[in-house]
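All chains should be modelled from the sequences, with the hints used to inform the complete structure.
These protein sequence lines are chains A and B, in that order.
Letter 69 of the first sequence, counting from 1, is numbered 143 in our numbering, and no numbers are missing.
Letter 1 of the second sequence, counting from 1, is numbered 60 in our numbering, and no numbers are missing.
Pairwise CB distance ranges (calculated):
no. : chain 1 : residue 1 : chain 2 : residue 2 : range
1   : A       : P251      : B       : D96       : 45 to 55 Å
2   : B       : E84       : A       : E168      : 46 to 56 Å
3   : B       : R86       : A       : S301      : 42 to 52 Å
4   : A       : A190      : B       : D123      : 55 to 65 Å
5   : B       : D87       : A       : G157      : 49 to 59 Å
6   : B       : R97       : A       : G239      : 32 to 42 Å
7   : A       : G319      : B       : R97       : 43 to 53 Å
8   : A       : L425      : B       : R61       : 36 to 46 Å
The calculated DSSO-like cross-link candidates involving lysine-lysine, where the alpha carbons are at most 30 Å apart (straight line), are:
no. : chain 1 : residue 1 : chain 2 : residue 2
9   : A       : K405      : B       : K105
10  : B       : K105      : A       : K121
11  : A       : K121      : A       : K405
One side only, chain A facing chain B, incomplete, derived with CB under 8 Å:
no. : residue
12  : D368
13  : K405
14  : S407
15  : P449
16  : A450
17  : M453
18  : R456
19  : A457
These are computed hints drawn from the structure, not numbers from a lab.
Just so you know, even glycine gets a beta-carbon here, dropped at the ideal spot from N, CA and C.
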Amino acid sequence: MRSIVVVGASLAGLRSAEALRHEGFAGALTVVGDEPHLPYDRPPLSKQVLAGTWDPGRTALAAGGVGGEDLDLEWRLGARAVGLDMAARRVALEDGSSLAFDGLVIATGAEARWLAGSEGRAGIHVLRTLDDCLALRTDLEAGPRRVVVVGAGFIGAEVAATCRGRGLDVTLLEVLPVPLGRVLGEEVGSVYAAMHRDHGVDVRTGVAVAGFEGGDRVERVRLGDGSEVEADVVVIGVGVAPATGWLAGSGLTLDDGVVCDATCLAAPGVVAAGDVARWPNPRFGQVMRVEHWDNAIDQGAHAARRLLDGDGPGTPYQPVPWFWSDQYDRKLSLAGRPGPGDTMTVVQGSLAERRFLALYGRAGRVVGALGMNRPAPVMRYRARIAGGLAWDDALRELEETP
Amino acid sequence: MRIVVDFDLCESNAVCMDIAPEVFEVRDDDFLYILDDRPPDELRPKVEEAVRRCPKQAISIAED
Ligand SMILES: Cc1cc2nc3c(=O)[nH]c(=O)nc-3n(C[C@H](O)[C@H](O)[C@H](O)COP(=O)(O)OP(=O)(O)OC[C@H]3O[C@@H](n4cnc5c(N)ncnc54)[C@H](O)[C@@H]3O)c2cc1C
Ligand code: SF4
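Put into structure tokens, the structure is as follows:
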């Protein structure tokens with residue numbers, strides 16, 4: 075393999091490029107990204123940068139190896155990939171040029187979803203990129219009377235918390251009866267809703283957004299029941315869609331992401347990693363796409379090794395996903411993959427004190443560990459979930475230790 | 060190789076402990092303890108992985 079192109083100049087792309095070099099790839103390595111910036115870190119965009127406590131420059135990811143070594147990458151920034159020709163093995167760029175490759179890493183991540191009627195009016199934001207964050211921050215600095223956040227998932231909840239930290243009035247709208255109910259279950263979701271209410275957020279659940287009103291700038295959000303909420307600033311936090319538009323017609327299988335085999339291979343000489351990749355994780359017997367920071371690093375490196383393995387079989391990528399979220403003085407961390415219908419039990423602390431550890435079980439196995447201000451035990455369970463920890467064994471052991 | 064952690068940045072999420080338990084431990088008091096700040100060279104790959112995976116970029120390696 076003489077030349078490798080990485081499309082997507084963010085976390086997964088950077089870490090796959092680094093791994094390619096570490097594994098000894100000495101050919102031409104080009105990283106293409108449509109944003110004008112060198113890779114930066116997204117988690118602070120809903121936290122420190124939005125709060126105004128961090129200068130945006132602090133989000134820069136060292137664009138070299140961990141030891142500071144030069145990875146000898148050719149950066150093509152501000153360059154959007156618009157097509158993939160698998161027969162010619164070329165990536166087409168928006169400016170009409172194209173790049174030939176022997177190996178391709180797809181790491182285009184995901185894009186924030188908008189709601190119908192939300193685009194194009196001033197004061198309505200999504201939050202995915204540094205530029206999104208700075209535009210929103212400017213609007214928050216102007217001292218809006220009310221910020222309406224649509225969607226109480228992790229990003230929406232963090233934005234609500236950060237806006238409260240700035241002393242702004244916030245309404246948080248959620249279509250589900252309980253925020254995060256589908257992922258974490260209703261009991262834990264209710265703890266979240268209560269925490270935001272205690273911090274002065276006007277949390278409204280089970281409400282649908284019907285539209286946005288105002289002139290050039292948004293003034294009101296119209297709800298499904300016909301009522302309205304005044305809004306100087308609106309943040310849409312209704313999830314993301316994998317950035318696969320440029321791959322349409324390429325012959326790759328696209329289904330809510332780039333579909334890969336268990337080793338992260340999407341086609342011969344083509345791998346995918348990070349928020350854009352969907353693959354069967356043998357550890358969970360489940361096809362998944364993971365939108366977590368830690369996964370972008372781990373999968374980026376795994377996909378790089380897979381690419382270099384060429385016609386070899388590769389090894390399956392079978393992580394126990396891990397994620398964190400910071401809201402107010404609470405830190406949530408989650409290992410594993412809980413889902414609707416799982417059994418949940420609190421094994422340390424209590425929901426009432428908002429410091430607890432909960433386990434999720436399915437088909438006789440522990441499939442998730444969630445902690446609120448309990449980071450270390452979550453990490454210990456991460457390793458044990460990887461080892462196939464049985465539900466009964468986990469509970470018995472907890473009963474035996476006082 | 061000497062391990063340096065910026066404790067103002069560290070938030071004890073224990074990612075480093077998961078990767079290199081020989082070097083890092085987050086105890087029940089929720090603080091990170093460095094068990095060995097000059098680990099043997101064979102641990103270098105693990106320590107570098109911890110540097111890369113630390114969500115706060117709080118770990119660095121000094122070569123003194
Ligand atoms: C505000 C915010 C807060 C977050 N907080 C947390 C957190 O607390 N904990 C956590 O675990 N995770 C968090 N995440 C998620 C985490 O940041 C992502 O999982 C991670 O960024 C995924 O990395 P990626 O490289 O796969 O994709 P991305 O970071 O989305 O990068 C993809 C890159 O590819 C570019 N691109 C897309 N299409 C093209 C194209 N056609 N041509 C060229 N370039 C293209 C994009 O512009 C982007 O730069 C947060 C995300 C956001 C947005
Ligand atoms: S991974 Fe980083 S933030 Fe987490 S405990 Fe280790 S040093 Fe602290």
